[in-house]
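A.B. asks: If you want the building blocks of each chain, they are given just below.
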Amino acid sequence: NAGVTQTPKFQVLKTGQSMTLQCAQDMNHEYMSWYRQDPGMGLRLIHYSVGAGITDQGEVPNGYNVSRSTTEDFPLRLLSAAPSQTSVYFCASSPGTSYTGELFFGEGSRLTVL
Amino acid sequence: DAKTTQPNSMESNEEEPVHLPCNHSTISGTDYIHWYRQLPSQGPEYVIHGLTSNVNNRMASLAIAEDRKSSTLILHRATLRDAAVYYCILRDWDFGNEKLTFGTGTRLTIIP
Chain A
99 NAGVTQTPKF
109 QVLKTGQSMT
119 LQCAQDMNHE
129 YMSWYRQDPG
139 MGLRLIHYSV
149 GAGITDQGEV
159 PNGYNVSRST
169 TEDFPLRLLS
179 AAPSQTSVYF
189 CASSPGTSYT
199 GELFFGEGSR
209 LTVL
Chain B
7 DAKTTQPNSM
17 ESNEEEPVHL
27 PCNHSTISGT
37 DYIHWYRQLP
47 SQGPEYVIHG
57 LTSNVNNRMA
67 SLAIAEDRKS
77 STLILHRATL
87 RDAAVYYCIL
97 RDWDFGNEKL
107 TFGTGTRLTI
117 IP
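Protein chains in written order, with the working numbering: chain A, 99 to 212; chain B, 7 to 118.
FYI, nobody ran anything at the bench for these hints, they're computed from the structure.
We put the beta carbon where it would ideally sit given N, CA and C, even for glycine.
It cannot be assumed that every hint is accurate.
[Stated by the list, open to error] Here are the computed distance ranges between Cβ atoms for each label pair:
{"id": "1", "chain 1": "A", "residue 1": "E205", "chain 2": "B", "residue 2": "P13", "range": "37 to 47 Å"}
{"id": "2", "chain 1": "B", "residue 1": "T11", "chain 2": "A", "residue 2": "D136", "range": "39 to 49 Å"}
{"id": "3", "chain 1": "B", "residue 1": "E22", "chain 2": "A", "residue 2": "T113", "range": "45 to 55 Å"}
{"id": "4", "chain 1": "B", "residue 1": "E17", "chain 2": "A", "residue 2": "D136", "range": "38 to 48 Å"}
{"id": "5", "chain 1": "B", "residue 1": "P13", "chain 2": "A", "residue 2": "N160", "range": "40 to 50 Å"}
[To be verified] Rough simulated footprint, nothing fancy, chain A against chain B, three-plus residues with beta-carbon under 8 Å:
{"id": "6", "segment": "11 to 20"}
{"id": "7", "segment": "71 to 82"}
[Claimed, not checked] So the derived list for chain A, only partly shown, Cβ under 8 Å to chain B, looks like this:
{"id": "8", "residue": "P106"}
{"id": "9", "residue": "F108"}
{"id": "10", "residue": "A122"}
{"id": "11", "residue": "E128"}
{"id": "12", "residue": "G140"}
{"id": "13", "residue": "L141"}
{"id": "14", "residue": "Y162"}
{"id": "15", "residue": "L201"}
{"id": "16", "residue": "E205"}
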């Protein structure tokens, strides 16, 4: 069972570069989301999606774009990377759109912006 | 937004029960209380969740106060593999806008 797969696991960018963090799930989950985790802190919600074609902002959306063209994939785009975006990024999914469902997390993508 | 408060760290001896507290005094009526744990260099892992009644599963038990302003995650017999950061979170669906808020987390150390 693959679950939630994130790529790449590690990435180094220069300020101003753009890139996309990929997230794919094979559990047919409607809900997907992206979080960032800074050192010594909990996770903060960036964007989330309750189904294909539907996305919404979380707590810290600035500097990030998302799209959801299929149920399986939910890529996170950094348009112009900044050092403040150095963080570990986690993608998660859950069945349905009910807030009662458990979240399944990927292993994370560690991003460094120089 | 509802927030949670947890102790920064706790220690417990191996094979003894562990009680991890969480305060959520501003919890709303439709907030579910979720617990996740995170091992080093891994994504968070679901442990348990509940609304009002106490809940049990193979990993742990969740005790929820009658006024729902606090909860306690209970690990019945801690092992070294339970050493992790434990997060208590409230999953709130407010008018369709999810405001998932992670607490500060409790770093649990298990003493052999």
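A.B. asks: Taking the earlier hints as the rules, which of them does this structure contradict?
C.D. replies: 1, 2, 4, 5, 6, 7, 8, 9, 10, 11, 14
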